[in-house]
Amino acid sequence: QQQVKQSPQSLIVQKGGISIINCAYENTAFDYFPWYQQFPGKGPALLIAIRPDVSEKKEGRFTISFNKSAKQFSLHIMDSQPGDSATYFCAASRMDSSYKLIFGSGTRLLVRP
Amino acid sequence: NAGVTQTPKFRILKIGQSMTLQCAQDMNHNYMYWYRQDPGMGLKLIYYSVGAGITDKGEVPNGYNVSRSTTEDFPLRLELAAPSQTSVYFCASSYPKGGRSPFRDNEQFFGPGTRLTVL
Numbered sequence: 001q002q003q004v005k006q007s008p009q010s011l012i013v014q015k016g017g018i019s020i021i022n023c024a025y026e027n028t029a030f031d032y033f034p035w036y037q038q039f040p041g042k043g044p045a046l047l048i049a050i051r052p053d054v055s056e057k058k059e060g061r062f063t064i065s066f067n068k069s070a071k072q073f074s075l076h077i078m079d080s081q082p083g084d085s086a087t088y089f090c091a092a093s094r095m096d097s098s099y100k101l102i103f104g105s106g107t108r109l110l111v112r113p
Numbered sequence: 114n115a116g117v118t119q120t121p122k123f124r125i126l127k128i129g130q131s132m133t134l135q136c137a138q139d140m141n142h143n144y145m146y147w148y149r150q151d152p153g154m155g156l157k158l159i160y161y162s163v164g165a166g167i168t169d170k171g172e173v174p175n176g177y178n179v180s181r182s183t184t185e186d187f188p189l190r191l192e193l194a195a196p197s198q199t200s201v202y203f204c205a206s207s208y209p210k211g212g213r214s215p216f217r218d219n220e221q222f223f224g225p226g227t228r229l230t231v232l
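Listed in order, the protein sequences are those of chains A and B.
So for the first sequence, the numbering used here puts the first residue at 1; every next one is plus one.
So for the second sequence, the numbering used here puts the first residue at 114; every next one is plus one.
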């Protein structure tokens, strides 16, 4: 009940295209869903997050779509840029469990110029 | 602010040796976490702490120990290192309900990592 499944493992997109990364979770008690971005040799950094009371959250070119009934959420990167090339992790947590994050396995995104 | 700092950056251990990975934060965060990152496996929580003197196990605590005597420091101890502990270790800290917006209430700030190899 703790698992978060992420796909695809890797993704190649042309500059200007849309990158889409999907995640699915099992535990319906999760109530916080962040996405972290990690560049090589660095620690992850929070990109954007959503709670299950909204179906979409947008920050600049980054959008989370959330489907509570399907227990799925996805990250959309519009107008993808070479600087977006990084590894992206979805995660889930329960705010009443010390915000412990359960991470997906990661998606390595490469945006070609 | 230095944020979250970790030392050392790299370390090679022999099987059976012990070591302590250091983590410090200067943001007055009360929550701190240790993760390990294996290739293709995402990050797994080893231990976490919600304040000085309070620690608890995460998903993969076996072979590790932690202590939290101050708000700033959260060292991770490896006893009797094994090849299975070869990984990149990340420390993180957060301040729940202290975010710039409700969506960032538990933003975890990560250190640069320690790459550990056990041979």
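Read the hints as simulated data drawn from the structure, not as lab findings.
For glycine and all other residues, C-beta sits at the position ideal for the given N, C-alpha and C.
Careful, some of the hints might be misleading.
[As the list claims (entries may be wrong)] Pairwise CB distance ranges, derived in the manner of DEER restraints:
(1) A:Gln9 with B:Pro196: 36 to 42 Å
(2) A:Gln9 with B:Thr199: 19 to 25 Å
(3) B:Lys170 with A:Gln9: 25 to 31 Å
(4) B:Gly164 with A:Lys68: 30 to 36 Å
(5) B:Ile167 with A:Glu56: 26 to 32 Å
(6) A:Ser55 with B:Asp151: 32 to 38 Å
(7) B:Pro188 with A:Glu56: 20 to 26 Å
(8) A:Asn27 with B:Ser180: 39 to 45 Å
(9) A:Arg112 with B:Glu172: 44 to 50 Å
(10) A:Asp31 with B:Glu172: 36 to 42 Å
(11) B:Pro188 with A:Asp31: 26 to 32 Å
[To be verified] Distance condition first, Cα-Cα at most 30 Å in a straight line; then the derived BS3-like pairs of lysine-lysine:
(12) B:Lys122 with A:Lys42
(13) A:Lys5 with A:Lys15
(14) B:Lys157 with A:Lys68
Results of checking the hints against the structure:
1. A:Gln9 with B:Pro196: 36 to 42 Å: violated (24 Å)
2. A:Gln9 with B:Thr199: 19 to 25 Å: holds (21 Å)
3. B:Lys170 with A:Gln9: 25 to 31 Å: holds (29 Å)
4. B:Gly164 with A:Lys68: 30 to 36 Å: Holds - the Cβ-Cβ distance for Gly164 (chain B) and Lys68 (chain A), about 32 Å, lies within 30 to 36 Å.
5. B:Ile167 with A:Glu56: 26 to 32 Å: violated (37 Å)
6. A:Ser55 with B:Asp151: 32 to 38 Å: holds (33 Å)
7. B:Pro188 with A:Glu56: 20 to 26 Å: Cβ of Pro188 (chain B) to Cβ of Glu56 (chain A): about 41 Å, so the range 20 to 26 Å is violated.
8. A:Asn27 with B:Ser180: 39 to 45 Å: violated (30 Å)
9. A:Arg112 with B:Glu172: 44 to 50 Å: Roughly 36 Å apart at Cβ, these two residues miss the hinted range, so it is violated.
10. A:Asp31 with B:Glu172: 36 to 42 Å: violated (19 Å)
11. B:Pro188 with A:Asp31: 26 to 32 Å: holds (31 Å)
12. B:Lys122 with A:Lys42: Judged against 30 Å, a Cα distance of about 11 Å means the pair holds.
13. A:Lys5 with A:Lys15: holds (27 Å)
14. B:Lys157 with A:Lys68: holds (24 Å)
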